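**Q** Sequence:
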Amino acid sequence: MNVMIVEDEYYIAMDLQSIVEQAGYCSLEPLATMEQALAYANKADIALVDLRLADGMTGPALGRKLMDRFGVEVIYVTAIPEDLGTGLEGACEVITKPFTAEQISKALAKAARLHRERQDRIRVIQ
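Quick note on my numbering: the sequence shown kicks off at -7 and runs consecutively.
Calculated directly from the structure, the hints in this document are not laboratory data. Values in this document were obtained by computation on a predicted structure and should not be read as measured data. Treat the hints with caution; some may be incorrect.
Unchecked claim - Computed cross-link-like contacts, DSS-like style, restricted to lysine-lysine with a CA-CA straight-line distance of at most 25 Å:
{"no.": "1", "residue 1": "K35", "residue 2": "K98"}
{"no.": "2", "residue 1": "K98", "residue 2": "K57"}
{"no.": "3", "residue 1": "K57", "residue 2": "K102"}
{"no.": "4", "residue 1": "K89", "residue 2": "K102"}
{"no.": "5", "residue 1": "K89", "residue 2": "K57"}
{"no.": "6", "residue 1": "K35", "residue 2": "K57"}
{"no.": "7", "residue 1": "K102", "residue 2": "K35"}
Unchecked claim - Ranges of calculated distance between the beta carbons of each label pair, as one might list FRET restraints:
{"no.": "8", "residue 1": "L106", "residue 2": "Y2", "range": "25 to 31 Å"}
{"no.": "9", "residue 1": "V116", "residue 2": "D47", "range": "36 to 42 Å"}
{"no.": "10", "residue 1": "A46", "residue 2": "P73", "range": "17 to 23 Å"}
Glycine included, C-beta positions come from ideal geometry on N, C-alpha and C.
Working from the sequences, and respecting the hints, build out all of it.
**A** Written as structure tokens, this is what we have:
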């Protein structure tokens, strides 16, 4: 499974990338803006998305686009969960910073399961 990390704080992005790889997933290079993330969205199965990115409060809108347009399972990682507002619908998980490796690993496992189940349903329909 390919995991996209969308986080504008360098050290947090590196920490997430390390956790993703230690959990056995393939990490795409971390991205910091909605524009960058959408350019690589077709390569991702799962996305770890911060709410406040380098281009502003674009995380909720990005998460919605990743889910709706690309079928990506979204995990929000945020220091301010109340900023989610109504952007939470359909997200796999919301993790509050500071996070633990265990929290991220469990959320990734859940997202991977949901992604496989969705892909299986699509195959059955086709």
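**Q** Next step is simple, just say for each hint if it's right about the structure.
**A** Going down the list of hints, with the structure as the test:
1. Restraint check for K35 and K98: satisfied, since their Cα atoms lie roughly 22 Å apart, inside the 25 Å limit.
2. With a C-alpha separation of about 23 Å, the suggested pairing of K98 with K57 holds against the 25 Å cut-off.
3. At roughly 20 Å between alpha-carbon atoms, K57 and K102 fall within 25 Å of each other, so this suggested pair holds.
4. For a cut-off of 25 Å, the pair hint linking K89 to K102 stands: about 19 Å separates their Cα positions.
5. Between K89 and K57, the direct Cα distance comes to roughly 23 Å. Compliance with the 25 Å bound is thereby established for this hinted pair.
6. Distance check on the hinted pair: K35 and K57 sit about 14 Å apart at the alpha-carbon level, within 25 Å; holds.
7. At roughly 19 Å between alpha-carbon atoms, K102 and K35 fall within 25 Å of each other, so this suggested pair holds.
8. Checked against the hint of 25 to 31 Å, the pair L106 and Y2 passes, with Cβ atoms roughly 29 Å apart.
9. Distance hint check: the CB atoms of V116 and D47 are about 38 Å apart, consistent with the given range 36 to 42 Å.
10. Between A46 and P73 the Cβ separation comes to about 20 Å, which falls inside the hinted range of 17 to 23 Å.
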